[in-house]
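Note that the protein sequences, when read in sequence, are chains Z and Y. With the working numbering, the residue at position 57 of the first sequence is 57, and numbering never jumps. With the working numbering, the residue at position 23 of the second sequence is 23, and numbering never jumps.
Be aware that one or more of the hints could be misleading.
Repeated chains share a single entry, so a pair holds when one copy, or any two copies, can fit it.
[Unchecked claim] Okay, derived cross-link-like pairs now, SDA-like style, lysine to any residue, Cα gap no bigger than 25 angstroms in a straight line:
| no. | residue 1 | residue 2 |
| --- | --- | --- |
| 1 | Lys69 | Arg133 |
| 2 | Lys69 | Glu26 |
| 3 | Lys39 | Asp98 |
| 4 | Lys20 | Ser5 |
| 5 | Lys20 | Lys87 |
| 6 | Lys99 | Asp64 |
| 7 | Lys161 | Thr10 |
| 8 | Lys35 | Asp83 |
| 9 | Lys9 | Ile37 |
| 10 | Lys148 | Arg160 |
| 11 | Lys152 | Leu16 |
| 12 | Lys87 | His17 |
| 13 | Lys9 | Pro34 |
| 14 | Lys152 | Val137 |
| 15 | Lys9 | Lys39 |
| 16 | Lys87 | Glu26 |
| 17 | Lys99 | Lys166 |
| 18 | Lys99 | Gln78 |
| 19 | Lys35 | Pro80 |
| 20 | Lys166 | Asp83 |
| 21 | Lys99 | Leu131 |
What the hints contain is simulated information worked out from the structure, not anything from laboratory work.
There are 2 protein chains.
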Amino acid sequence: MGLFSKDIKTMDDLFLHGLKDIYYAENQITKALPKMIDKATNRDLTKGLKDHLDETKNQIARLDQVFQKLGEEPKGVQCPAIDGLIKEGDEIAGEVADKEVLDAAIVGAAQSVEHYEIARYGTLIAWAEALGRDDVVRLLTTNLNEEKAADKKLSTVAVRKGVNRKAAS
Amino acid sequence: MGLFSKDIKTMDDLFLHGLKDIYYAENQITKALPKMIDKATNRDLTKGLKDHLDETKNQIARLDQVFQKLGEEPKGVQCPAIDGLIKEGDEIAGEVADKEVLDAAIVGAAQSVEHYEIARYGTLIAWAEALGRDDVVRLLTTNLNEEKAADKKLSTVAVRKGVNRKAAS
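Chain Z on its own, in the form it takes in the complex:
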């Protein structure tokens, strides 16, 4: 995808670009999550992140199916947004001295990644619907719903399972 050429001419092109973007993002997330799991201390948090790593692999398999239905090769395109989100999470984790405060920081970083994916899947679903590609909407909706559930679980870990309370005490 050339930065100075106008390669996106149609909504189909835009949709395919968006798909490559989230494909790249999901693959980057499978690399970032194990590092977050290593740094986390709270058991509910590490379990939640591990579960989401498994989910993410299934989400990539669903995206493979979407590419297949479009007659395209599964392929990512480097996107600065997810790189920035992951970099920000790494930086903040590197700056936190206390383990319990670090857990709270990890939840925050993970939720910002979840919200990026929620935004992207929401947009892709709306675009697929406009293009009449109902055959891929179901797959994308399954991924969207998993991201929303993962975000809620992280809120539960932070608020009800005591991550924030312990960090603040």
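Mind docking chain Y on chain Z? Use the hints.
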């Protein structure tokens, strides 16, 4: 905030860092929105983005109040996440040849920024509550609710006001 020093020792430090992060983000957004407004064609979209630019300025004023209540100087800290999100929006906008497809791309980029802010304000509110800083929760909640409303308005512009339909036709 040194990258290789462990400057964040307490939850108060983490909260202040998060506040500086969103302060930087909101200020970057006030610079990015006018460029998006210039590129957009659909009237509902340009109006929505202009309204949100005004809202963003009010949100910064509320963050100034939060800093004041904490006895801190309002200050941003450069954060790769919002830089990446804005860069991604710029790049995609530069690659789209068709004006109506560009409108659809702009909505998608704007919604990814909204979701970043929704994530950040949600985290900051949970941290403020854990710290017993109810005096700043109200201000942050007002900002959060505005971001959620802005995200919904963008969905309406994309789906009901015909941005996606025109882009796909």
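**OP:** Return the numbers of the hints above that this structure violates; sort them in rising order.
**Re:** Of the numbered hints, 6 and 20 do not hold.
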